[in-house]
Amino acid sequence: MGLAGAKNKRRLGNDPNNTKWSRNTESFGQRMLRSQGWEPGQYLGAKDASHTEYHSEASTSHIRVVLKDDMLGLGAKRNNGDECTGLDAFQHLLGRLNGKSEEVLETEKRERDNLKLNLYLDRKVGTIRFVPGGFLVGDVVKDKLDEDAANSSDGTARDVSKESREDSTETESVEKKSKKRKAERDDTDRDEEKARKKEKKTKRRNTDSEAETDSASSKDKKKEKKERKSKKRNADSDKGDAEPTTSSKSSSKRKKDKEQAADESSDDAKKAKKEKKKLKKQKKERKEKRRKDRAVSESGSESLENSSKETKPRKEDKTPADSSVSTPSGSGYLTPVTTSTRYLARSRFIAQKKMAFADTAALNQIFMIKS
Amino acid sequence: MADSSRTNKRSSVEGEAQDSKRIKTNGDEKYNPYLAHLNEDNGNYSNSPLDKMHRHNTTALEASRAEDSDLNPWTGRRHSENYFKILKTRRDLPVHKQRQEFLDMYHSTQILVFVGETGSGKTTQIPQYVLYDELPQTHGKLIACTQPRRVAAMSVAQRVANELDVQLGEEVGYSIRFENRTGPKTLLKYMTDGQLLREAMHDPEMSRYSCIILDEAHERTLATDILMALLKEIAQRRSDLKIIVMSATLDAQKFQTYFSLRKEDPPAPLLAVPGRTFPVEIFYTPEPERDYVEAAVRTVLQIHAVEPEGDILLFLTGEEEIEDACRRISLEVDDMVRESDAGPMSIYPLYGTLPPHQQQKIFDKAPEPLKKGGRPGRKCIVATNIAETSLTIDGIVYVVDPGFSKQKIYNPRSRVESLLVSPISKASAQQRAGRAGRTRPGKCFRLYTEKAFKKELIEQTYPEILRSNLSNTILELKKLGIEDLVHFDFMDPPAPETMMRALEELNYLACLDDDGNLTRLGSMASEFPLDPGLAVMLISSPEFYCSNEILSITSLLSVPSIWIRPNNNRKRADEMKAQFAHPDGDHLTLLNAYHAYKGAEQNGEDVKNWCHEHFLSFRHLSSADNVRAQLKRIMEVNEIELISTPFQNKDYYTNIRRALLAGFFMQVAMRESSNSKVYKTVKDDQLVLIHPSTSVTNTYDWVVYNEFVLTTKQYIRTITNIRPEWLLEIAPVYYDVDSFEKGEIKSALVRLNEKVRRRQAMKGGR
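These protein sequence lines map, in sequence, to chains A and B.
Heads up: the first sequence begins at 1 in the working numbering, then just goes up one per residue.
Heads up: the second sequence begins at 1 in the working numbering, then just goes up one per residue.
The following block holds chain B by itself, in its conformation from the complex (with noise of 0.2 Å):
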């Protein structure tokens, strides 16, 4: 280019004067960097450092000459100042050193895998040196970046966003399940995994993207897991696009050697930045704990009374252990802080059903000494195991590791997916160390032997693939038009029955036909963002002219439940809840609560006030609505249609009841005998109770549930009466007599069919 030198000086040199020249031609000749490459050769547009960079051919002094510039090369508007504070602290992240490497790398291979610990700036930075290099204005391709959350999703777009300069939705977007924020503009684009995974059922090449940024790839979500063998697939066929696969931890070469496309290729090259990470020193416990909440309490009270300076960070199951453990330790530390001069502490719950409001507040700062020189505050928080990876909490020194986590299980057999208190992995203990090294050395106190931690503990934590039930994405891959499911590459191959079972579900939910493939009803159901079941029951709910409701229900059952109950006010809440309660079952009542909530929207009272009047959550009910505005919108495209059985109609419930069984025949269950509170499930036969949680008090011969749930015992969560007539007329196949084993379900299926025959005889002979 022939004047590239002249801008390169201009760009360095030049002072006020023709700065402000330069603005000026830009606004009259309206500077568009979509339409720059249609320039390429025109001096008039030379101006914006960017021309003169090659795409796939860019050096790391470009990009910071072209980041130094004045003029924000993406928007031609002029750098504020915050943007050159944020560009300092950027260039002191430790992947910046790494700019020119990686840049080569990237130039000279279509996979990468890149490892960088959280701290080294990589989901930030890279997407921007993509950009720098990709240059998107000039194809129009973008760049994505895949994150397993939502919330990292958003906040990280929004980061980059500031630090590119732009204004977030436009240059920069973010696109996550309910919400869309990118423009036409858009060039780099932060998603989450499952949303590219459903772009890609509609574009199958990924045509519109240049390069494809996996991040967070250790966390092995089932969603990044399907798109990594779909990228390695389409990577075959296109060669045009870049992958980079970013994790965070260790498994790096499992990670190169999946990468390399043909078998006889080498690994994936990988580049490795160093975190900024200070040493964590271990402890073990010399013996095994009895009580390892206990045990974790009183190691917080030591750290507090003990230690100097430096937040902690506790690592608990779930919900209720955590609340109970911040209860013992605030009272212990009230103790501690009235009979001797420790000094305050801070105590935040942390897990993912906490509203972010409170979330938010584990950033707060340590509270101050009590007395000017006293013994420092410090925070305390109790986490589960999303501060494993996905938080990074500045301040913590000291990180208690109990062992523990709640990690989802899905049994192929008994159809039962639960989330269960199990070890975690070496892998995972590891990680949770390192969050204590983020600012300065830290400790680790694990409470568990040395032995414990080399003998019980498995190296990795599986990946998401192995521990859920796959009818979803089996139906997912068939909407992808994957036809070879068994020799699918899947990184980790699911076992083989937990596919079979998938399968077979979606066969008998007439997803797949009996030849396995994509029915018109299957391929309709891949596009709402839901369970088969639950897809499949809203999809035939006109045919029970419910749909309406059903809409309700579904959206209800895919937040997270509606009811308060809290310790100290059970007996309210429950006497709040038979307020709604359904005699023929929880679906109903769980209707019943949406309709009094939006009864309450609608007469203009102060809704939160109402819902928490009523021990209701405000906060899922509200989302639950959120929920049902999207999936109606998809029902609409798919013109289903939506209509309701005028209340005064005796069958108003009775259709509802029905119209659950079309998803939900696979998850029946039949009372053992007549004086038994046990249940047994169709054809799995396993033998459950009723969750005490229900709000049905008569006790029926057949019911329906939403969940299988175990703990000490076996319970069905959600239920509905349902009459067993219905079984055989929705779900004949399913209903084949034939196909039950000997037992007290066969028999009285049989009897039933007996029935329903006499009773199609006299209709005849009438």
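Looking at chain A on its own, in the form it has when it is part of the complex (with noise of 0.2 Å):
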């Protein structure tokens, strides 16, 4: 934790775990169970019982919790204070220092410029928001793409008896989801990709479709000035794409092909990382590294755990309000409303309100009244 960091203090007993209870074998509780034929160690229950197998370690011991003192999501971490920011000026040096290639270095410098001029943009004149108005595949205008077919496929009435294995189909219509949208993400023409982004600052929004547009302009540099967000965003679909077809492992594997090649710089390695670069921003994967240089020692999957887990920055950084969006009802992701933005333009009307309230003239215009 870092030294800004906020300080809990708790004060701790000699024994929180009063280990001196569980250790005393002398206790009435232990001799009994004992007198009866237990041994430290089993578990209760019936002797050889066919359903033994069904037993959980909540069996064994205790269950133990965290105790949650906070509102953090399913998933979410702390920021531990381990997490600078303000760095963005260095990034070019150090990665200079870290061995990249200038190519790598360029396309990370453009993301930041472009990053840095929607976020201008976006203070200076607000955005503008978008309908999406499905996709154009061959000469005809799509709603949707054919998500519904595969969506329906853990739509059938569920028969309880084969409820596990319908957990696995519901995993894998959303596996083909992401496959299809990757492949839509291929074919879309890029440039015509690039054009529609650059005018449309595309805001995120709750369909599937949109999501797609979304993951698709990822593969661009981003140009909305949502840019943050939709970046870590994409950044996580894309990791989600990965994750259903190719093993945790495999993953875990393409994160240390990148630390190797900040190092070395192999031609394999490099070639993930320009993948990832595309879809990452810049801020994101200095973050990565770093987590990744911190996992070194530990393993490869929990560091790509953690990692993903602790994206920063929020849905609150995400813009417009969503809510107005007419939005087709196959739905994706739903985004929620980005809260920032509502509350500026609610605040804005009410400085308007109280800027008319103190203005005599305006006052007596409302009120119709003639001076």
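Hint data in this document are derived by calculation from the structure and do not stem from the laboratory.
Among these hints, one or two may not hold up.
[What the hints assert, rightly or not] Straight line, CA to CA, 35 Å or less: simulated DSBU-like cross-link-like pairs of lysine-lysine: (1) A:Lys47 with B:Lys232; (2) B:Lys677 with A:Lys68; (3) B:Lys185 with B:Lys97; (4) B:Lys571 with A:Lys354; (5) A:Lys77 with B:Lys406; (6) B:Lys683 with B:Lys746; (7) B:Lys454 with A:Lys68; (8) A:Lys20 with B:Lys755; (9) B:Lys406 with B:Lys372; (10) A:Lys20 with B:Lys632; (11) A:Lys68 with B:Lys408; (12) B:Lys141 with B:Lys232; (13) B:Lys406 with A:Lys68; (14) B:Lys371 with A:Lys354; (15) B:Lys742 with A:Lys68; (16) B:Lys408 with A:Lys77; (17) A:Lys20 with B:Lys680; (18) B:Lys746 with B:Lys680; (19) A:Lys20 with B:Lys742; (20) A:Lys47 with B:Lys408; (21) B:Lys406 with B:Lys632; (22) B:Lys632 with B:Lys677; (23) B:Lys52 with A:Lys47.
Being a predicted model, the structure only gives us computed values, none of them experimental.
Two chains, two frames, some hints: make the complex.
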């Protein structure tokens, strides 16, 4: 934890786990159990019962939980102050020191600049919203890609006995979806996408189609002011894409590759890296690397998990009130309304009202009083 | 049966005229279904369609015919119009299609595992199918169907009584902890699982029943788990007892394996009925959320803005969080409605401690569009996980699941049982998602990543038996005559340490003797539907001349907190509470409040209003009153004296404080040092603070506490000041100095012993 981190002081007793008690073999309880033939390390319950295979570890020792005293969502990790910000300016230098090739550095720099530009534009003039209008496939515009078919696969009346299998169909359909998305991405003409993107500042929307365009767009450089967010997202979804198909192991390998690339820039690794870079925001990358370094000693998969979880920027920095976007009902990711702009619009509205009240002329006008 | 074909024809073909004749005969003969078996061969009584059916040899066709007849086979009265209406809807239920299949399996096996999702109709229909097969009136043994929740037992019994066209409490009844609505005619009985367990204590063979149906077994409540083990055992002795285990979910295999009676037997047969569900599309967030409540609120708003008509169900963890979210959502929705043309939305909280009339509101219709042709309104229900399985709300199309719930956890080492927010299980996440597909295809928005779903969630929620303090359960098992606790056939055996702790507590409470046998005190304590500590306190209270008062305190401690402290009026609420405050302890404050309440009641005041003015919960006070009456009855049965010290006596409160120790001497904490606010619990050495809700202003060196609360800090709640000398006197075994580890508490006790000895010596010398 960084020095600036919130201090959470808590006094612990000498023996918070009360091992004194659990080690005491003389206690009444332990005596009773032993007298009935129990030995430490054994389960309670019927001898050689056929259902023992279903016993969980909670049958050996009490359930341990982590005390949750924050509002972090599932899988989110607290920022322990080990992720620094404001290093943008040094990225170039640091990258070179880390042995990145010029080419890579260039793309990273461009990404950073784009982000800056978008943020500026967003702050200065706000953004325009667009409504998804389907996908041009060949000569026909389709509302949705045929995702529904995939989704409905898990839609058949559930037979409970098959429930567990169903889980897998569910994930399968997700997989299908993501595959499709990938394919889609490849298909779309890049230039076209780019152009579209540029004028669009598309914001995140609820629909699949939206998500698709987003991920598609992600491949290009991010032009959107939302950039930061969407990038993160893209990176994530990219990861998501990879996951169902490749085992977590392989993805962790990917990561390792990257790491190698940093050091020795082997061909293979470089390729992987490039691909990644395209998808990832630079900041994220930085983070990842740091994390990776940290995690080298740990298992690769663990570091992967961390990294994906720690992706910093929140929905909040996502932009405009998506709520007003009318989206087709077939939905994809539901992106919550971004509060910042909502509040922005609202505070502007309030400010206007206040100003009007302060201004007698305006008030007179409002109340139609002739002075 | 000679005339069976004739009757057959009659019931289906005969016209009105003959019908009326038959009714007349009925009236004359005083048809009594209970005596039907006596007259089995007597043609006079053959007009009940049940007579030609043979127990354990009926068919769905016969049963349907009996159901279709004009006369109610159970009462002999004519069926009402409504009956046939309901009958028609019943026949549309998914289970109905498999009635014959069910009967065939039921006939062929002793234990049957039945899986049907919520909505399949299993809870109402299966017991009736059994009824038409068991024909209980012929042999006088009942059919029992257990439910984990009291409300469910009551409402389902009512529903089934309607379906059978009988009076609730007659042929169909229910029995729950403090209420029994059954009669001599009762054939089918719904009850809570705890209630059946209590009955088993007095009837270890369950000889009153011919068939026991364990419903909602997937919930794995403590009582259901014990019942399953018990029934498994009884089934081996009583081959005439049939058992049906009904579950809504997955782990049917586990049930099947568990219920193969002997190891070499094949697993118990399974019958599965598909529920009526629609596909649910599942969405994850692409990245973890910073603040799950915030994310949940936004998701709800987003759904409201862009998704087509359909109600929303949002799962959160607790009362406070739910109320907070409701406030935030309604503020934002108001804005949305004002600033754009969003449809109206009504928001309802739903949690256990909510008054029933407010809980009912969730079934209200979604609001109408604001103007004609405007966007449709919808309702949003913000609920704890009670909406996960127990309750079916129609119209839910969107589910928002942040992935947390409040779960009970017990740590036998620190002896703390607490409700903590923790991640749900995969099974429960699926269950939540399934709620969206009840009326039409729905969507479930999970506020976590797919990776988190796969990696962070456990497969199944741990059954309650692994998460609870077992002292009450062990006491019940002992009472049930289970000697070998180690090899008792639990479906999921509890952790050995948990059982050790339970045994130890019971031993200290003198409910078990040193050889582990149930003592008289223990046997009496098991009669009370209370934790052993409370029960022992109640039983020994006459020794302290204050059993009336202890009875009141016990009742007050077994209902939710009677204090109300609204967020917008905390100060006033605290002032009101201060009126009742007793300087020596919260237990006494509770008692004061209760006495004031009874006083107001006797003065003929409007009690509801009085409670409102004094920031007390009328509901909980009156339920405490009810509990008190029940406990009093049990005390009278057990010949426990009800006495009080006269109020003028200076020992009035001292006696009560001493009596508290008789049950709670294991929950005592000593102040660490004279100027510290930190206390240390006796023996377990946990560092604790006194919960800020206390009305005690002085700091005392020794306190007895009612519960240990784990939040960000460790608190003890509801405390009362005690004198350490009492500990040595009331619980000498527990406070045997030699059993203590070196430390402040031990040295304090040593000093104390010294003091007591000196005082006695002085007395002796005099």
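Results of checking the hints against the structure:
1. For the given pair, Lys47 (chain A) sits about 15 Å from Lys232 (chain B) by alpha-carbon distance, which is consistent with the 35 Å threshold.
2. Of the pairs offered as hints, the one joining Lys677 (chain B) and Lys68 (chain A) holds, with about 24 Å between alpha carbons and a cut-off of 35 Å not exceeded.
3. Under the criterion of a C-alpha separation no larger than 35 Å, the hint pairing Lys185 (chain B) with Lys97 (chain B) is consistent with the structure, at around 30 Å.
4. Between Lys571 (chain B) and Lys354 (chain A), the direct Cα distance comes to roughly 33 Å. Compliance with the 35 Å bound is thereby established for this hinted pair.
5. With a CA separation close to 20 Å, the supplied pair Lys77 (chain A) and Lys406 (chain B) stays within the 35 Å bound.
6. The straight-line distance between the Cα atoms of Lys683 (chain B) and Lys746 (chain B) is roughly 9 Å, inside the 35 Å bound, and the hint therefore holds.
7. Taking the CA atoms of Lys454 (chain B) and Lys68 (chain A), the gap is about 20 Å. The hint holds against a cut of 35 Å.
8. For a cut-off of 35 Å, the pair hint linking Lys20 (chain A) to Lys755 (chain B) stands: about 29 Å separates their Cα positions.
9. Proximity of Lys406 (chain B) to Lys372 (chain B) is assessed by CA-CA distance (about 42 Å); at most 35 Å being required, the pair is judged violated.
10. For the hint linking Lys20 (chain A) to Lys632 (chain B), the alpha-carbon distance of about 41 Å lies beyond 35 Å, and the restraint is violated.
11. Between Lys68 (chain A) and Lys408 (chain B), the direct Cα distance comes to roughly 14 Å. Compliance with the 35 Å bound is thereby established for this hinted pair.
12. Among the hinted pairs, Lys141 (chain B) with Lys232 (chain B) is consistent with the structure: their alpha-carbon atoms are about 19 Å apart, no more than 35 Å.
13. About 11 Å separates the Cα atoms of Lys406 (chain B) and Lys68 (chain A), which keeps this hinted pair within 35 Å; it holds.
14. Straight-line distance between C-alpha atoms of Lys371 (chain B) and Lys354 (chain A) comes to about 30 Å, which keeps the hinted pair within the 35 Å bound.
15. Our distance criterion of 35 Å between C-alpha atoms is met by Lys742 (chain B) and Lys68 (chain A), whose separation comes to about 33 Å.
16. A hinted pair counts as satisfied when its Cα atoms are at most 35 Å apart, and Lys408 (chain B) with Lys77 (chain A) qualifies at roughly 24 Å.
17. Taking the CA atoms of Lys20 (chain A) and Lys680 (chain B), the gap is about 15 Å. The hint holds against a cut of 35 Å.
18. Distance hint between Lys746 (chain B) and Lys680 (chain B) is fulfilled; the C-alpha atoms sit about 12 Å from each other, no more than 35 Å.
19. In summary, the hint linking Lys20 (chain A) to Lys742 (chain B) is supported, as the alpha carbons are separated by about 12 Å, within the 35 Å threshold.
20. Using a Cα cut-off of 35 Å, the hinted pair Lys47 (chain A) and Lys408 (chain B) holds, with the two alpha carbons roughly 29 Å apart.
21. For the hint linking Lys406 (chain B) to Lys632 (chain B), the alpha-carbon distance of about 33 Å falls within 35 Å, and the restraint holds.
22. Straight-line distance between C-alpha atoms of Lys632 (chain B) and Lys677 (chain B) comes to about 38 Å, which puts the hinted pair past the 35 Å bound.
23. Among the hinted pairs, Lys52 (chain B) with Lys47 (chain A) is inconsistent with the structure: their alpha-carbon atoms are about 46 Å apart, more than 35 Å.
Checked against the numbered hints above, the structure violates hints 9, 10, 22, 23; every other hint is satisfied.
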